[in-house]
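Chemist: Can you build the whole structure from these sequences, using the hints too?
These protein sequence lines map, in sequence, to chains A and B. In terms of our numbering, the first sequence is residues 4 to 525. In terms of our numbering, the second sequence is residues 4 to 525.
Don't read these hints as lab results, they were simulated from the structure.
Which copy is meant is left open, so a pair is good if it fits within one copy or across any two.
DSS-like mimics (lysine-lysine), calculated; alpha carbons at most 27 Å apart, straight line: (1) Lys371 / Lys358; (2) Lys358 / Lys522; (3) Lys60 / Lys79; (4) Lys227 / Lys60; (5) Lys79 / Lys227; (6) Lys459 / Lys522.
Computed from a predicted structure; not experimentally measured.
There are 2 protein chains.
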Amino acid sequence: MVTEEFTVDPETPGWVVRVTMPPPSLQDNSADADRLSRALMRAFAAERIHIDLDLRKQLPGLLREGNHALRCIVLKDQGCAVLVHAVPDAVAVILGGLAVDLGTTRVVLRLVDLERRRVLAETAFDNPQTAIGPDVLARIHHADQPDGLAQLQEMIVTALNRHAQTLCRTQGLTPENLHVVSVAGNTAMSHLLAGLPVHWMIREPYIPATNRFDLFPAAQIGLKCHPQAQVLLFPNVGSYFGGDLIAGILYSGLHRRAETALLVDVGTNAEVVLGNREWLIACAGAAGPALEGGVTRMGTTAAPGVIDRVRIDPRTRAFDIHTIDDLPPRGICGSGVIDLAAQLFTAGMIDIRGKFVPTACGDRLTVKDGLASLTIVPAESAAENRSLSISQADMDSLVRSKAAMYTILETLTCSMGIPLDELPAFYVAGTFGSYIDPRSAITIGMLPDLPLAHFKSMGNTSLGGATLALLTREAVTDIDAIRNGITYLELNVNQDFMNRFSAAKFIPHTDPARFPSVKLPE
Amino acid sequence: MVTEEFTVDPETPGWVVRVTMPPPSLQDNSADADRLSRALMRAFAAERIHIDLDLRKQLPGLLREGNHALRCIVLKDQGCAVLVHAVPDAVAVILGGLAVDLGTTRVVLRLVDLERRRVLAETAFDNPQTAIGPDVLARIHHADQPDGLAQLQEMIVTALNRHAQTLCRTQGLTPENLHVVSVAGNTAMSHLLAGLPVHWMIREPYIPATNRFDLFPAAQIGLKCHPQAQVLLFPNVGSYFGGDLIAGILYSGLHRRAETALLVDVGTNAEVVLGNREWLIACAGAAGPALEGGVTRMGTTAAPGVIDRVRIDPRTRAFDIHTIDDLPPRGICGSGVIDLAAQLFTAGMIDIRGKFVPTACGDRLTVKDGLASLTIVPAESAAENRSLSISQADMDSLVRSKAAMYTILETLTCSMGIPLDELPAFYVAGTFGSYIDPRSAITIGMLPDLPLAHFKSMGNTSLGGATLALLTREAVTDIDAIRNGITYLELNVNQDFMNRFSAAKFIPHTDPARFPSVKLPE
Numbered sequence: 004m005v006t007e008e009f010t011v012d013p014e015t016p017g018w019v020v021r022v023t024m025p026p027p028s029l030q031d032n033s034a035d036a037d038r039l040s041r042a043l044m045r046a047f048a049a050e051r052i053h054i055d056l057d058l059r060k061q062l063p064g065l066l067r068e069g070n071h072a073l074r075c076i077v078l079k080d081q082g083c084a085v086l087v088h089a090v091p092d093a094v095a096v097i098l099g100g101l102a103v104d105l106g107t108t109r110v111v112l113r114l115v116d117l118e119r120r121r122v123l124a125e126t127a128f129d130n131p132q133t134a135i136g137p138d139v140l141a142r143i144h145h146a147d148q149p150d151g152l153a154q155l156q157e158m159i160v161t162a163l164n165r166h167a168q169t170l171c172r173t174q175g176l177t178p179e180n181l182h183v184v185s186v187a188g189n190t191a192m193s194h195l196l197a198g199l200p201v202h203w204m205i206r207e208p209y210i211p212a213t214n215r216f217d218l219f220p221a222a223q224i225g226l227k228c229h230p231q232a233q234v235l236l237f238p239n240v241g242s243y244f245g246g247d248l249i250a251g252i253l254y255s256g257l258h259r260r261a262e263t264a265l266l267v268d269v270g271t272n273a274e275v276v277l278g279n280r281e282w283l284i285a286c287a288g289a290a291g292p293a294l295e296g297g298v299t300r301m302g303t304t305a306a307p308g309v310i311d312r313v314r315i316d317p318r319t320r321a322f323d324i325h326t327i328d329d330l331p332p333r334g335i336c337g338s339g340v341i342d343l344a345a346q347l348f349t350a351g352m353i354d355i356r357g358k359f360v361p362t363a364c365g366d367r368l369t370v371k372d373g374l375a376s377l378t379i380v381p382a383e384s385a386a387e388n389r390s391l392s393i394s395q396a397d398m399d400s401l402v403r404s405k406a407a408m409y410t411i412l413e414t415l416t417c418s419m420g421i422p423l424d425e426l427p428a429f430y431v432a433g434t435f436g437s438y439i440d441p442r443s444a445i446t447i448g449m450l451p452d453l454p455l456a457h458f459k460s461m462g463n464t465s466l467g468g469a470t471l472a473l474l475t476r477e478a479v480t481d482i483d484a485i486r487n488g489i490t491y492l493e494l495n496v497n498q499d500f501m502n503r504f505s506a507a508k509f510i511p512h513t514d515p516a517r518f519p520s521v522k523l524p525e
Numbered sequence: 004m005v006t007e008e009f010t011v012d013p014e015t016p017g018w019v020v021r022v023t024m025p026p027p028s029l030q031d032n033s034a035d036a037d038r039l040s041r042a043l044m045r046a047f048a049a050e051r052i053h054i055d056l057d058l059r060k061q062l063p064g065l066l067r068e069g070n071h072a073l074r075c076i077v078l079k080d081q082g083c084a085v086l087v088h089a090v091p092d093a094v095a096v097i098l099g100g101l102a103v104d105l106g107t108t109r110v111v112l113r114l115v116d117l118e119r120r121r122v123l124a125e126t127a128f129d130n131p132q133t134a135i136g137p138d139v140l141a142r143i144h145h146a147d148q149p150d151g152l153a154q155l156q157e158m159i160v161t162a163l164n165r166h167a168q169t170l171c172r173t174q175g176l177t178p179e180n181l182h183v184v185s186v187a188g189n190t191a192m193s194h195l196l197a198g199l200p201v202h203w204m205i206r207e208p209y210i211p212a213t214n215r216f217d218l219f220p221a222a223q224i225g226l227k228c229h230p231q232a233q234v235l236l237f238p239n240v241g242s243y244f245g246g247d248l249i250a251g252i253l254y255s256g257l258h259r260r261a262e263t264a265l266l267v268d269v270g271t272n273a274e275v276v277l278g279n280r281e282w283l284i285a286c287a288g289a290a291g292p293a294l295e296g297g298v299t300r301m302g303t304t305a306a307p308g309v310i311d312r313v314r315i316d317p318r319t320r321a322f323d324i325h326t327i328d329d330l331p332p333r334g335i336c337g338s339g340v341i342d343l344a345a346q347l348f349t350a351g352m353i354d355i356r357g358k359f360v361p362t363a364c365g366d367r368l369t370v371k372d373g374l375a376s377l378t379i380v381p382a383e384s385a386a387e388n389r390s391l392s393i394s395q396a397d398m399d400s401l402v403r404s405k406a407a408m409y410t411i412l413e414t415l416t417c418s419m420g421i422p423l424d425e426l427p428a429f430y431v432a433g434t435f436g437s438y439i440d441p442r443s444a445i446t447i448g449m450l451p452d453l454p455l456a457h458f459k460s461m462g463n464t465s466l467g468g469a470t471l472a473l474l475t476r477e478a479v480t481d482i483d484a485i486r487n488g489i490t491y492l493e494l495n496v497n498q499d500f501m502n503r504f505s506a507a508k509f510i511p512h513t514d515p516a517r518f519p520s521v522k523l524p525e
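Modeler: Next up, the structure:
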């Protein structure tokens, strides 16, 4: 499943170049590697090119076989060009690359043609480290055990190898066709893939082993690709701001536009970036203690039979439920929960604190062991006869989460003196972002009350950024510029945060004037 | 046997630095590797530092163990700094390096302390590739056979590993203490060590696989050192101008002086460099067809019992022979042959064409199968009762060789408009250079007739340069500057050469006015 057509401007140069050199003569008898270096330094405007010894071994043969015309894959790392692969110009072979969105729960792979610069195929799988622990914290603790880090690394590398091979096979290729692996993940996932210690990352003052990884050989971490393949692992800004966010900014183009925009990525954490081509400021939800519940904890991953849209008739309070692929309901995803809460509020079934209103909820409300619960789908209409419901505790958690999200947005925009309700563009990333109904998110006061046209769903921006890095040279320059230019706002040391958070724990807000479009129930 | 005390100016910085970083805090929570990178980039004035993934793994532990004070070994490669090793400051351990003179026939190893910047020990062994072929050409042909290249590489790597381990042991160290290996060899030896193809090197237009090697991990070619150790293999200028010569220039300091000087290295080939801090021009004897016989072919390596000095009484024509360690004569080394020829000429026993003069040689001259031969030591005075003699063919070969050497010197100086007999300094490198008597070399017209004080024997300049690269940072900048600044004069395409060569095939020269200090025999 290729979710979208990925296109790059054909004017922007990519990583594959064809170089033709004059054949050596007594008048120009420089060495093979030096002759090629000169040509590549010109082509890539680099002052220096690194050619691995194993590649130097092949050059005399390749140059003569190709009549001194080669197609070369070159990467750039902090201004230094690195030759990754070379083939005689006439040899027809796909020069492939692999883009990886290394998620904590889900990993997405995309196979690309580096030369024709297009996406060939895509696949996804659950991160096998989930067997060790569902969240980052559990895996970091596991890494402290003997061989724990090596075990976690091996799990993800083995899975990547297996799925990359299957993906290649769909296009008649093998892992030998993979020359560059571009990986965007959060700081912990990136460290675990690289086999770097994560112990200090979760202990004050939260220090990762590294923020930049430099290019490294895929073989060094056991990735089965072409023997000379290189890994481009996106850099982090800190323990709580990873390469996935850098990739997201890269893909959104936030850093290239004159107008100030906001990018929100709601995955396991909520991460927010505000900025334009002049400046970028960011913060991440995991640093805010109020987000611990997680915006999407109660929702399951979007899958067939999962509720993604809910409508409640404000008069009859009848539920109109939509599931993915129209199958019998078997769960509810994050966007479904937000829809549900918005509709419950509009129908007067929850109050401004998010508490169930017994008179309005009627039969749907049950109380067991002192805990109120609202039936969404009765057993007889649900898959496997298992009724779906949402408890008051779930609803309280959602209110805390939406309040945290809004507070993060408010704190960040406020820090730059920009009114939250005047943002010209608001990008929502992540699978969550693809399904969310902005209208519902505004109703519960999770997103600001902007005109709907200002919201734009970006899909998997992490994967998008990882792909861009494989297809355009400017992406790698941009990655460095984003990383070096970004200011990270530490939420957990901000005094205003808790005050704003308390005010946001109402639906839509303590100050309803901020949400003029939201109609309050009678 | 440490042949000389090797000292460096303590003011010039070396590769080991102590860096102390402020401990991380919430205010300065950059990652461990980035914190160290910043400190090292400051210390080394580099815009970029490469830290291998395997080193990044160790940094969090090392930084905390060392209270954020580390001793680091950093190398520089074309402006990019490379972290090679780091230890907590308080840990007492020798940070060692290995300098290698990778000769075609003889390999010399020097163990150095990178931190205290001194030579600890030295050893030498015969290049085991000699079993394949005594000269470069035979080995290059062997490399064309299946596995031939791999076999040649393995031979030298195995020998280096064995002798390096023994050398380390003399100082209570192990190969794990070796962090940098600096190797200077000719182009073919360097290629064979690196496992690079040599096939095209001996075929017109004589193209090596590479001229620069970049730093590469010692482990990549099977050298047993510290796992993160790096190899600094001196670059070549071309197939006939190798890293050994670059190392020689570096050690001689030719490239740093205002006055123009000449450096001659007579090893298996004769290589000559002329220049100063403004310019450098070089040529190598292997390119000159007349040198094919080799200046030192008939001479054996200097060893106990080998004749290194000969005096002949011009009146009585009695021989006064000196051998190394005063043992019974069993051979004659290159410098002994030159001494012999000079004395034979002065005593009137050879004429200006180098032909034996029967009347003057008397009983010492025998003719067998039409070939005249002169007895140097009769059987009864020689080791193992085997008489030592020199044939007319040997003498002709010597005359051709000395003529070639003089012609190379003349061609080179002439190309720059500098009179050969006005050179202020004349450096002679190589073991040959250590033994040669300049007076004798002038007498036969091999070296120009300069005041003896202008000649300076430099010893093993190739090893000296390899050692310098381990001890001073400026050496590596100099290597690049020398390599990029040098002009290589192709002798085999020079028309004047053969004319000059014919004129030089007389003792001392067709034009005796060039050698005013040489007394011609009556």
